[in-house]
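Number of protein chains: 2
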Amino acid sequence: MKTITQKISFPEGIDLDSGNRLDAFDLMVETYGELNESKTNSVLVCHAFSGNHVAAGKNNDVTGWWDQIIGPDKAIDTNKYFVVCCNNLGGCSGSSGPTSINPLTNKVYGGSFPLVSVVDWVNSQKMLMDKLKIPHWHMVLGGSLGGMQALQWSIAYPDKIKKAGIFAAAAKSSTQNIAMNEVARESIRKDQNFHGGDYIEHGVIPKNGIKTARMLGHITYLSEKHMDSRFGRKFQDDESKVNKGVDYEVENYLQYKGKKFSEIFDANTYILMTKAMDDYDAAGNQESLEDALKTVSAQLLIIGFYSDWLYPPERGKEIQIAAINNNIRSSYVVLEGEHGHDSFLFHTNQYSQIIRKFIES
Amino acid sequence: MKTITQKISFPEGIDLDSGNRLDAFDLMVETYGELNESKTNSVLVCHAFSGNHVAAGKNNDVTGWWDQIIGPDKAIDTNKYFVVCCNNLGGCSGSSGPTSINPLTNKVYGGSFPLVSVVDWVNSQKMLMDKLKIPHWHMVLGGSLGGMQALQWSIAYPDKIKKAGIFAAAAKSSTQNIAMNEVARESIRKDQNFHGGDYIEHGVIPKNGIKTARMLGHITYLSEKHMDSRFGRKFQDDESKVNKGVDYEVENYLQYKGKKFSEIFDANTYILMTKAMDDYDAAGNQESLEDALKTVSAQLLIIGFYSDWLYPPERGKEIQIAAINNNIRSSYVVLEGEHGHDSFLFHTNQYSQIIRKFIES
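If you read the protein sequences in the order shown, they are chains V and P. Just so you know, we're using the numbering used here here: the first sequence kicks off at -2 and counts up by one. Just so you know, we're using the numbering used here here: the second sequence kicks off at -2 and counts up by one.
Warning: the hint list may mix true and false statements.
Intra- or inter-copy, both count: the list cannot distinguish identical chains.
Claimed, not checked - List of simulated lysine-lysine pairs, DSSO-like, C-alpha gap at most 30 Å:
1) K204 to K241
2) K231 to K291
3) K204 to K238
4) K254 to K204
5) K272 to K254
6) K222 to K291
7) K222 to K314
8) K257 to K204
9) K314 to K159
10) K238 to K254
11) K71 to K128
12) K272 to K204
13) K314 to K354
14) K71 to K159
15) K160 to K55
16) K272 to K257
17) K354 to K169
18) K104 to K241
To be clear, the hints were calculated from the coordinates, so they are not data collected in a lab.
Construct the entire structure; sequences and hints are all you get.
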């Protein structure tokens, strides 16, 4: 699989949804496969909250976050499609974000990096598309926050996108989604090392806060049933405890996962990404989601998972109903998905076949 | 309503479930109504995780946590019943707990207060019963962790209890329950002011950690539907924001509730109480819950609430099935309960009538 990883600069900058402006920015981009001569085989893959540009492939210890779905002969077949994925603006994997140097001050942005939104991401991906000389996307797709971007693409640039895949997502976050994210942000902001977001300047990292936030996140990504069958009420054996305060296997798992994540993910990015998720409302300035979808011409594939309690299937159904009322060609499927919200990440024969049929139809 | 509040000392001490021992302890106790001559009208009310001995009545700013259910002519009628409620061992409302002075060292216990369990609470309540010269309980009841105590009473002291009310509870916590509690504990332990539990000695309080923990707790106590209809995605108006970082009403609510709680509740007690909740398993040393209920002679009233996702109705059904298999006289009712897990706290005509009929039958 031909894979190119590159940082692409946008010295022209971007006007953000919030009214702020970035005078220049970079996007970290990875592509898989090749653009065909007619330039009709491009697929944009949008990552979820903690993802990045590495969507496919295996490189040393790193496996792409959607490697089960993207690759030669996989659901999104890189022998046929030219797949593009970028780390979103505000991210911490190479694109401009809170850990980048602000060119105006020559200091790390830290807490001063402006709020970004799903709309900003789609706009910056449109700029990337132009830079890559891609005339239109055969498909834009993603799960969770990535699904929100796919939906927003179909609304914002109807003539640039033929198909959209919106998986384990919603047209807007629920009150409970916002509430959970606020608890995660609170744990980060109150870490003694946070310093109002300027921790890099202080030479520290608010790891404890990120860890707690991620532990909570993990609970919401997994289904209760999956957690129960995997861990139950089993005690962690003494030799493999991450610390002596741990009693149950599920505690050990969360402690381990949270700590690992806190060593690689940026705290300000955590806050930015969750805010973007909370603030997104596909209805935008329109009266309703139905009104917002009036201009959509892409075909939609909406997939929900029964075991997902973060963005349960009903949230996908809301998009489907608004699509039907607009005579948009759309399919809505609910799959079993044993992994809860995370189910969108994992291949099953059924899931992969549905994606494959849709992209090739 | 005759109300007596008293601290009762147990200089004889208690052997704890964990193998530890408290050489002496106090329980803060409140009683409502009067013991009749035949001593047949006593009711023990057990509090949930953050409750205390003040179950009923209104006294200045403080309203009893179950005042909607307990009082003259209410579901638990204090004109008829002598109602007893104590702050549990390990609590922070007057009973011996982490904020108390350890008589052996003359220092605050802090992090050295031993782990307590539901079994320990029931044993200490049995000692209280003897001290109050109550020969048997007409009924023991409670919601959530309080319901676990009522269940444990029926198992541990079958000849001392005629009826048990187990509301919004379970015979044991689920994996997800444990996971949520572990996130809450993590946020407390990682507060820079926690000092391994010895914060009082250091003259500080880990308020930030308690606040975050409580914010998370609140999400689990409310139903998603209730949260959605109450707050939706509404923005908080500028004048009433608790801080300028707040955008949504639900954020403001959680911030406000979390902060308020952090000013009155003890961090070590938070950890102790959630551990007791996690560790409880009514099956005890038996093979199954069914086996554990073999000796139960009390009548059981098990109530669940559809909107409760912390201890959903299915958890009550598990108790009911084990009871049926033991030919225990038991009733299992699931009520609507718009307040999620917290529904057990609130009077509705249906809920109060069911309790009243059961206690008076």
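Each hint, compared with the structure:
Taking CA atoms no more than 30 Å apart as the test, K204 paired with K241 passes in both settings, with 19 Å inside one copy and 24 Å between copies. Only between protomers do K231 and K291 lie at most 30 Å apart by alpha-carbon distance; the minimum there is 25 Å, versus 52 Å within a single protomer. For a Cα distance limit of 30 Å, the shortest separation of K204 from K238 qualifies both inside one copy, at 19 Å, and across copies, at 28 Å. Both within a single protomer and between protomers do K254 and K204 lie at most 30 Å apart by alpha-carbon distance, with minima of 12 Å and 25 Å respectively.
Taking the shortest Cα distances, K272 and K254 sit within 30 Å of each other both inside one copy (22 Å) and across copies (21 Å). In this assembly of identical chains, K222 and K291 lie within 30 Å of each other by CA distance solely across copies; the values are 29 Å between and 39 Å within a copy. Proximity of K222 to K314 under the C-alpha cut-off of 30 Å is found in both arrangements, the shortest distances being 23 Å within a copy and 17 Å between copies. For the homomeric pair K257 and K204, the shortest alpha-carbon distances inside one copy (10 Å) and between copies (26 Å) are both at most 30 Å.
Taking CA atoms no more than 30 Å apart as the test, K314 paired with K159 passes inside one copy only; the shortest distance there is 21 Å, against 50 Å between copies. Taking CA atoms no more than 30 Å apart as the test, K238 paired with K254 passes inside one copy only; the shortest distance there is 13 Å, against 34 Å between copies. When the C-alpha separation of K71 and K128 is checked against a cutoff of 30 Å, the pair qualifies only within one copy, where the shortest distance is 27 Å, while the shortest distance between copies is 72 Å. Taking CA atoms no more than 30 Å apart as the test, K272 paired with K204 passes in both settings, with 19 Å inside one copy and 24 Å between copies.
Taking CA atoms no more than 30 Å apart as the test, K314 paired with K354 passes inside one copy only; the shortest distance there is 20 Å, against 43 Å between copies. For the homomeric pair K71 and K159, the shortest alpha-carbon distance inside one copy (20 Å) is at most 30 Å, but the shortest distance between copies (64 Å) is not. Taking the shortest Cα distances, K160 and K55 sit within 30 Å of each other inside one copy (27 Å), while across copies they are farther apart (62 Å). Taking the shortest Cα distances, K272 and K257 sit within 30 Å of each other both inside one copy (23 Å) and across copies (25 Å).
In this assembly of identical chains, K354 and K169 lie within 30 Å of each other by CA distance solely inside one copy; the values are 27 Å within and 45 Å between copies. For a Cα distance limit of 30 Å, the shortest separation of K104 from K241 across copies, 25 Å, qualifies, whereas the shortest one inside one copy, 40 Å, does not.
Hint violations for this structure: none, all hints satisfied.
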